[in-house]
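Read off the chains here:
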Amino acid sequence: MEEKTYLEEVDRNIYDFKNKDDYDYKIKKGLTKEIVEEISRQKNDPDWMREIRLKALDIYNSLELPTWGPDLSVLDMDEIATYVRPKSKLNSSWEDVPEDIKDTFEKLGIPEAEKKSLAGVGAQYDSEVVYHSMKEDLIKQGVIYTDMETAVREYPDIVKEHFMKCVPVNDHKFVALHAAVWSGGSFVYVPKGVKLDFPLQSYFRLNSPESGQFEHTLIIVEEGASLHFIEGCSAPKYNKVNLHAGCVELYVKDNAYLRYSTIENWSKNMLNLNTKKAIIGKNAQVDWVSGSFGSKISMLYPMSILNGENAKTEYTGISFAGGGQNLDTGFKVIHNAPNTSSVINSKSISKNGGKCTYRSLVRIAENAKNSKSTVSCESLMLDDISVSDTIPVNDIRTDDVEFSHEATIGKLSDKAIFYLMSRGLTEEDAKAMIVRGFAYPISKELPIEYAVEMNNLINLELKGAIG
Amino acid sequence: MKDLVINESSTRTARNYLINNIKLSDIKIPKIKEFKNIKVISESGKDVISEDVSKDKLTYGIDEAFTNEVLENANHKLKINVNSKTNKNIYIRYKFDENNQTLVDNIDIESEEGCRETINIVLESEGNREYYHNGIIRVNAKENTDIKVNIISLININSLNFISIENTLCDFAKVSYTYVEFGGRNSITNYYSNVIGKEAISNIDTVFLGKENQLFDANYLTDLRGVKSETNMIIEGALSDTSKNHFKGIIDFKKGCKKAKGNEQESCTLLSDKSKSIAMPVLLCSEEDVEGSHGNSAGKVGEKELFYIMSRGLTKKEAMRLLVKAKFNKILEKIHDDEYTCKINSLIDERLGE
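Residue numbers (our numbering), protein chains in the order written: chain A, 975 to 1441; chain B, 111 to 464.
Check each hint, because a few of them may be wrong.
Stated by the list, open to error - Covered stretches of chain A (chain B as the covering partner; in silico rule of three or more C-beta atoms under 8 Å from a C-beta of chain B):
#1 1054-1061
#2 1330-1340
#3 1344-1356
#4 1365-1371
#5 1380-1391
Don't read these hints as lab results, they were simulated from the structure. Using N, Cα and C, we set each Cβ at its ideal position, and we do this for glycine too.
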C-alpha cells in the first residue's frame, strides 16, 4: 500500500500555554450601547472618540454579515467580552511588567528579539498594551512609537486626521465593530526623511477566553522616510470562540517606504476578521509580507491604494490550513495614478481537511496609465480531503497597462521528485526539498526568527509518497 | 419587470465587484414572432433531425425567465441525433432580416456512442435593426463521442444575443466549442459543462471583438467529476471604443476527479482607453491529485511588436489589425469553413478600420 507523507501542522506548544484568566477588569459579554459607552468610560476617551464609537455601533447594527466567504454563524457576539484590561499598566521596562505576563512574552521570545534585532517593541496582552519601548536615538529623531491610547491623548490632531479615514467605519460589519470597541494597538509616526535601520515590532497576545481583541494600528510614514514594522499574534486554545477584529491603517507619503510583516498564529478557536489598508503616495512603496498559520476562520485581505504617481506595492503571502481551518485570504490593490505597479505573490498549503481560499482584487482605474500588475498564486494540496480555491477579480479600466495573472493548483510533481532522486536524493529528501522550495520565496522575506518558525512548520515526517 | 440580475456567477464574491450587474430591467424582451430564415443541412445524411427537443430545465442558464422562454415558446426547435462517425458537418444558419426579427431557438444535440461530427451554428443579420436572439444549446455526449460545436455570431451590434449552453459528457467523450462572438449590443452567454465521464474532455475557445458600447458577459462553469477528465477554456478578445467584457470562469475540481486537468486562459487586448475588461477566473478544488491553472492578462497591443511591423512598411492601423488577427487565429483556425473564416476576417478588417 502506498504510504503518505505527512506534513506536520504547526507545533502549537509554544503558543498554547494558558495563564489564569486573571484580569483587572472584564466587561460583560455582548454588544450594546451601554457596553460601548462603558468601554469608552473605562478608557477615558475624549468626546470625539466616544462619538466615533457610538456612530460605529449604529453602523455595525445596520450592516449584514458578508454573504460570501466562510460561514461565520459560529460567532455569537452575545458570548464575546469585547474589553479585558489586564492587571498591568503600560510599562517601559520589562522588569515592571507583572511576572505572569512577562513570562508569556518571554516564552514567545519577544524581549530576546528586542535585544537582538529590533529598534522598538510593543506588547499587548488582551485589550491593553502592557509594554512599549524604543531606542533612544529614534526618540531624538522625532520617531513616535507608542500605544494608541497614549496617541489619542498626546497627539489628538494627528490621530483625528487619520483615525478610520483610510479604512472607513462603514467598510464592512467588522470594521464597524472594531471602531465601536477598539482598544490597544500601536501608533507609529516616522518624521520626514528618517530611515529606521531596524524594525519595530508589536506583539498581540489574547489570553482571556470568550473575548475579543480589537487593536488599532496607525502608522504614518512621512515623505522620504522608511520603516519596517512587524506584527505577531497568538493566543492559547479554548473550547469557545474568540474573536480578533483589528484594524491597520497605513499612510505612506511621497517617496517613503514601509514594509509591513505579519505572522499570524492564532489558536484554532479564533475568528480572525482583520482589516488592513495602506494609502500610498507618489514614488512611495509598501511591501506586505504575510504568514497566516493559525485561526479557525480567517478573512484577511490587506489592501494597497496606489494614489501617487510611480507608487508601488508588493504582496508576498503564505497560508497554511490544517484540519478544521478555513483560511480565506488574499490581497486587494487599486491603481489610482499613472505609472503605478503591483506585484502579488501568494502561496497556500492545505492539508488534513483544511481549506485555503485565495480571494483578490486588482483594479486599474481609468487614470492609471502605464501601470503594471503581476499576480501569481500557487496552491499545494497535500491530501484529498482538503480544499483549495482561487477566486481573483481583475478589473482593468484602461488600455495602457500591462496586467497578467496566473495561478496553479496541484500536488507535488512526480517529475520533480524523480529528477531530484536521479541526482542522489532519497525520495523523502526530494519531497522535503520541494515543499521547502515552494515556501522559500515567502520564508526568505520573513524576519529571521519567523523564518526559523516557518522552517519548523515545514517539518516533514517523511514516509513514502505524497498522494 | 423586477430588477433581476442575470447570468450571475455562483461565486458569491462576484457580487461585490460589478461583474454580476446585468439587470433584466435593462433589457426589452420583444414579442416572439415567427422566424423562417433558417437553413439546416446535414452533410452525412445519417443524422436524425426532429423537433423533439428536451423540455427539462437547465441546471444553470442565463436566467429562468430566458430559459423558460426557450423551453415554452421557442420558434425553432431542433433535435439532432448524431449518428455519423465520419466527422462531417451539420450547418444551422439563421439570418435575421425585416421579416425575421426574433429568434428563440432550442437546439438539442444527442450523440450516439462513438459518433463524431461538427455542428456549425451561424447567426447573421441584415441592416442595423435591433434583433433579438435567445437560445439554448444542449449537448449530451455518450461514450467515445467527439462533437465539435462552432457558434459564429455575426449579427449586428444593435441586437441582443443570449445563449445558454449545457453539456453532459460520458466516459471518453469529447465536446469542443469554438465561439466567435462578434455580434450583439449585449451578448450574454452562460456555459455549463458537466464532465461526468472518465477521461472525458470539455473545451471551449472563444474570440470576442467589441465595438462602440457592446457588452460581452460570459459566465462559464465546468464541473470536473470523471477520473482523468480534462477541460480547457481559452478566451481571446479585443475591445475598442467603450466596449466592455465581463468574464466569469470557474473550473470546479469535484471530489473524485483524480488526475483531472483544468486550464483557463483569458486574454483581452484593450484598443481604447475607454474599453474595460473585468475577469474573474476561478479555480475551485476539492481533489488533491489534479492539475489546475489559470491565466488572465489585459493590456494594449505591445509597442515593440507594433514598431517592428510598422518598420516593415505597414500603417499603425494595419499593424494593430495584424496583431489582433494573429491572436485570434489560433482559435479561428479551428473553424474549417472557408466561407465563414473569410466573413470573420472581413468583419475584423471592418471593425478595426481598413
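Consistency of the hints with the structure:
no.: 1; hint: 1054-1061; result: violated (count 0)
no.: 2; hint: 1330-1340; result: holds (count 3)
no.: 3; hint: 1344-1356; result: holds (count 3)
no.: 4; hint: 1365-1371; result: holds (count 7)
no.: 5; hint: 1380-1391; result: holds (count 6)
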